[in-house]
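Asker: Every letter in the sequence shown is one number past the one before it in the UniProt record's numbering, and letter 557, counting from 1, is 557.
Since the hints were derived computationally from the structure, they do not count as laboratory data.
Being a predicted model, the structure only gives us computed values, none of them experimental.
Each residue gets a CB set at the ideal place from its N, CA and C atoms; glycine is no exception.
A few of these clues could be false.
[Unchecked claim] When the alpha-carbon atoms are kept at most 25 angstroms apart in a straight line, the in silico DMTMM-like pairs for lysine to aspartate or glutamate are as follows:
1) K360 <-> E386
2) K224 <-> E303
3) K399 <-> D356
4) K330 <-> D316
5) K330 <-> E349
6) K595 <-> E654
7) K399 <-> D162
8) K440 <-> E364
9) K330 <-> D356
10) K310 <-> D205
11) K251 <-> E210
12) K650 <-> E631
13) K224 <-> D213
14) K595 <-> D582
15) K224 <-> E198
16) K611 <-> E632
17) K249 <-> D207
18) K224 <-> E279
19) K399 <-> E386
20) K330 <-> D306
21) K590 <-> D527
22) K595 <-> E556
23) K310 <-> E375
24) K593 <-> E631
[What the hints assert, rightly or not] What follows is a set of in silico ranges between Cβ atoms, one per label pair, in the way DEER data are often shown:
25) R570 <-> G388: 17 to 25 angstroms
26) P357 <-> T117: 42 to 50 angstroms
27) K330 <-> R555: 43 to 51 angstroms
28) Q428 <-> S368: 16 to 24 angstroms
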Amino acid sequence: MNVGSSSGASTRQLSSEENDRLPEGGTAAGDAPAAASGRHGGARPHGDPRRPDRTAADSHDDIQVRGARENNLTGISLDIPKRRLTVFTGVSGSGKSSLVFDTIAAESRRLINETYTAFIQGFMPSLNRPDVDALHNLSAAIIVDQERMGANARSTVGTATDTYTMLRIVFSRIGTPHVGPAYAFSFNTPQGMCPACEGLGMITDIDVGELVDRDLSLNEGAIKVPGFGVDTWYWQVMANSGFYDPAVKLKDFTPQQWEDFLHRPSTKVRVGTSNLTYEGLAVRVRRQYLGKDRESMKGQAREFADRAVKLTGCPDCGGTRLNEAARSAKIEGLSIAECSAMQINDLAEFVRKISDPAIKPVLENLRSTLDSLVEIGLGYLSLDRESGTLSGGEAQRVKMVRHLTSSLTDVTYVFDEPTAGLHPHDIQRMNGLLLQLRDKGNTVLVVEHKPEMIGIADHVVDLGPGAGSAGGRLCYTGDLEGLRASGTLTGRYLDHRVGLRESFRGPTGWLPIRGATLHNLRGVDADIPLGVLTVVTGVAGSGKSSLIHGYVSGREGVVVADQSPIRGSRRSNPATYTGLLDPIRTAFAKANKVKPALFSANSEGACPACKGIGLIYTDLAMMAGVATVCEECEGRRFTPEVLSYTLRGKNISEVLEMPVAEAAEFFTTGPAQAVLGRLTAVGLGYLGLGQPLTTLSGGERQRLKLAVNMARNGTTYVLDEPTTGLHLADVDHLLGLLDRLVDDGNTVIVIEHHQAVMAHADWIIDLGPGAGHDGGRVVFSGTPAELVDGGTSLTAVHLRDYVGRA
1 MNVGSSSGAS
11 TRQLSSEEND
21 RLPEGGTAAG
31 DAPAAASGRH
41 GGARPHGDPR
51 RPDRTAADSH
61 DDIQVRGARE
71 NNLTGISLDI
81 PKRRLTVFTG
91 VSGSGKSSLV
101 FDTIAAESRR
111 LINETYTAFI
121 QGFMPSLNRP
131 DVDALHNLSA
141 AIIVDQERMG
151 ANARSTVGTA
161 TDTYTMLRIV
171 FSRIGTPHVG
181 PAYAFSFNTP
191 QGMCPACEGL
201 GMITDIDVGE
211 LVDRDLSLNE
221 GAIKVPGFGV
231 DTWYWQVMAN
241 SGFYDPAVKL
251 KDFTPQQWED
261 FLHRPSTKVR
271 VGTSNLTYEG
281 LAVRVRRQYL
291 GKDRESMKGQ
301 AREFADRAVK
311 LTGCPDCGGT
321 RLNEAARSAK
331 IEGLSIAECS
341 AMQINDLAEF
351 VRKISDPAIK
361 PVLENLRSTL
371 DSLVEIGLGY
381 LSLDRESGTL
391 SGGEAQRVKM
401 VRHLTSSLTD
411 VTYVFDEPTA
421 GLHPHDIQRM
431 NGLLLQLRDK
441 GNTVLVVEHK
451 PEMIGIADHV
461 VDLGPGAGSA
471 GGRLCYTGDL
481 EGLRASGTLT
491 GRYLDHRVGL
501 RESFRGPTGW
511 LPIRGATLHN
521 LRGVDADIPL
531 GVLTVVTGVA
541 GSGKSSLIHG
551 YVSGREGVVV
561 ADQSPIRGSR
571 RSNPATYTGL
581 LDPIRTAFAK
591 ANKVKPALFS
601 ANSEGACPAC
611 KGIGLIYTDL
621 AMMAGVATVC
631 EECEGRRFTP
641 EVLSYTLRGK
651 NISEVLEMPV
661 AEAAEFFTTG
671 PAQAVLGRLT
681 AVGLGYLGLG
691 QPLTTLSGGE
701 RQRLKLAVNM
711 ARNGTTYVLD
721 EPTTGLHLAD
731 VDHLLGLLDR
741 LVDDGNTVIV
751 IEHHQAVMAH
761 ADWIIDLGPG
771 AGHDGGRVVF
781 SGTPAELVDG
791 GTSLTAVHLR
801 DYVGRA
């Protein structure tokens, strides 16, 4: 078997005799890999009783992948050892996720779904079989990814981890006074929820300042609500109601007039010869806007609702979500609401003091789960924290906790960059947890770039050599030492270190922050240098994002490139988002002497069958909807007439299928080349121009936003963990890009944990010393050299170790 072949040709298993002739440690692509047979699963001592040596005869001890062609995979075949920790490496877009998530995990999920009855399957998402010749020896796959946990306001860290459920049981048994069973402490049941806010902890209210301008009269247009302009129907009812003079400025209204103007309930009034219904402005706005789904509003109405309709803490329950009875029960003087609001590390200490034989099993489970949350670096969170407010990395770690205490074994856990958002200090703890999962007899598959995590792998699969069409091949499979000697890009960069600058750029000025108190910040004073590269660091939860996003991001001239989703439909893609489609359409129109609108899938040129999406979405009522390629345009999105027009031999659909790097060679001048150059500079050369934005990772979204905004000089750029999703080699390219931005006269502020970025900075602001209430202080501000020479923080310790090996 030629593992790494891109032909997808037939394969055969190596015989035991052939395996015995293979070298130790794995191979680069093109050779017969020992590790792929499962014989050498990584750097481990022979004779370890927990992880016994295996032979080629143990055919069921490998996940066998044959001819994988999903996305850009080129028909690769390989064996992945089971009950081992395998790390998948390679540059962004090399095919790691296509192999791990879209092939192995997807087929496992699909096969499990097929075990359900047809009726049950009707309520489940429709999963297509991955493009692969064969997959053997799969086990049940559990995906622990960085997808945010949704915006359900009723989901919290406590409910997501079942810790709140266990806490409810504890309070229902030993809380005094006795209130009732566990559901009496649930904010999601009528028995426990606050009746005023229905268990949400927040109520929707109107910001009066967005309704009116009190310096004007009604005649002068004081009402700012859409549809209430001077002489409109609603305006005339109010102006002629007789409750106040429309010529008087609102600020001069008497208290009674102001009350009538805003809050008077529905009242019959006579205007001229008609009997009409009058409502106070706030009453009518509440009825019109608070009862509607915000997402269904459009245009001015949506903009107004976003400004004027605000969520405020419920005054009845104080934001705790619970009714008075649930809040009255106490343990050691604390209510369940007060326990939920505590930092998890403090709550863990509190629960350890509780002792009652009647609830011993529940207490043990609760302590174990809380300790796991602390161990995984989430001790700074609280159980009442809404799940939707967690970052991708935090959400992934919360999901992980649910599996650490699971009784399941011999399953496959799939992780997507579990080090995202983690300080080097926290990565060590994450490594321990992954090894803990493996040692329980599970298969752990990790897509990762950080050398600290690659270093603990039993087995490494390196894909590449490039991205997109230049990737999708198996470059190496084997153990860690074999990777170092393989000559692949990952192997060459594994021990690469960025050294400190020989000279640091001096500030051109300072951006002052005084008395910052957002979240856990403790009256922080900080001066951020302008005209240089500043890295803000500290352990997860130390206050980095609170400081920068809370006190820098909103200032004039500041561009924020973060990983948040880009608002848009499934029609949106890099070409539309960057404005690149406009010069492309113009070029096609000019070459063919037709209208530019023809070359937009959202306009005249769209396929009428699929309306320019390329897919037909079918609603199957009670069954899951399905998407099929449009038969009319075969997924090309445009009408036959439009596809008949070409530009240098390519039609518009073929151009939109091009990756950025190929398009840069096709459009060599003009505005298109400028945009493509910026996309290439931020490391997105592998992205397809027409790839839906909904398919991009957080790191890709961030780099796309940076590409859109990097044409401006004299700007302050704020980047939030830009190394997320970047290969070790790509980090060097990122540092070059950051230097270019600074050298062009910009200020660059980066929230980052990667030591390479810290070492390359001109200035470091380190927050801590810990997380949550143990953080929120500036523990260092100065050059990286000063931090390495005399710093005592966790960041200083890890950076000192990093540059010491540079």
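Asker: Compare the structure with each hint and give your call.
Answerer: Going down the list of hints, with the structure as the test:
1. K360 <-> E386: Violated - the C-alpha atoms of E386 and K360 are around 28 angstroms apart, more than 25 angstroms.
2. K224 <-> E303: Status holds; Cα separation ~12 angstroms.
3. K399 <-> D356: Between K399 and D356 the Cα gap is close to 29 angstroms, so the pair fails against 25 angstroms, i.e. violated.
4. K330 <-> D316: Distance ~19 angstroms between K330 and D316 Cα, so the pair holds.
5. K330 <-> E349: holds, 17 angstroms
6. K595 <-> E654: holds, 19 angstroms
7. K399 <-> D162: Measuring from Cα to Cα gives roughly 11 angstroms; hence the hint holds.
8. K440 <-> E364: holds, 20 angstroms
9. K330 <-> D356: With Cα atoms ~15 angstroms apart, K330 and D356 stay inside 25 angstroms; holds.
10. K310 <-> D205: holds, 5 angstroms
11. K251 <-> E210: holds, 15 angstroms
12. K650 <-> E631: Measuring from Cα to Cα gives roughly 21 angstroms; hence the hint holds.
13. K224 <-> D213: Holds: K224 and D213 sit about 7 angstroms apart, inside 25 angstroms.
14. K595 <-> D582: Holds - the C-alpha atoms of D582 and K595 are around 12 angstroms apart, at most 25 angstroms.
15. K224 <-> E198: violated, 31 angstroms
16. K611 <-> E632: holds, 11 angstroms
17. K249 <-> D207: holds, 19 angstroms
18. K224 <-> E279: Given that 25 angstroms is the threshold and the Cα spacing comes to 16 angstroms, the pair holds.
19. K399 <-> E386: Distance ~14 angstroms between K399 and E386 Cα, so the pair holds.
20. K330 <-> D306: violated, 39 angstroms
21. K590 <-> D527: Given that 25 angstroms is the threshold and the Cα spacing comes to 52 angstroms, the pair is violated.
22. K595 <-> E556: Violated. K595 to E556 sits at ~39 angstroms, over the 25 angstroms cutoff.
23. K310 <-> E375: Roughly 37 angstroms separates the two Cα atoms, so the pair is violated.
24. K593 <-> E631: violated, 29 angstroms
25. R570 <-> G388: 17 to 25 angstroms: Taking Cβ atoms as reference, R570 and G388 lie about 22 angstroms apart, which means the hint holds.
26. P357 <-> T117: 42 to 50 angstroms: 44 angstroms Cβ-Cβ, so the 42 to 50 angstroms window holds.
27. K330 <-> R555: 43 to 51 angstroms: 45 angstroms Cβ-Cβ, so the 43 to 51 angstroms window holds.
28. Q428 <-> S368: 16 to 24 angstroms: The hint (16 to 24 angstroms, Cβ to Cβ) holds, given that Q428 and S368 are roughly 21 angstroms apart.
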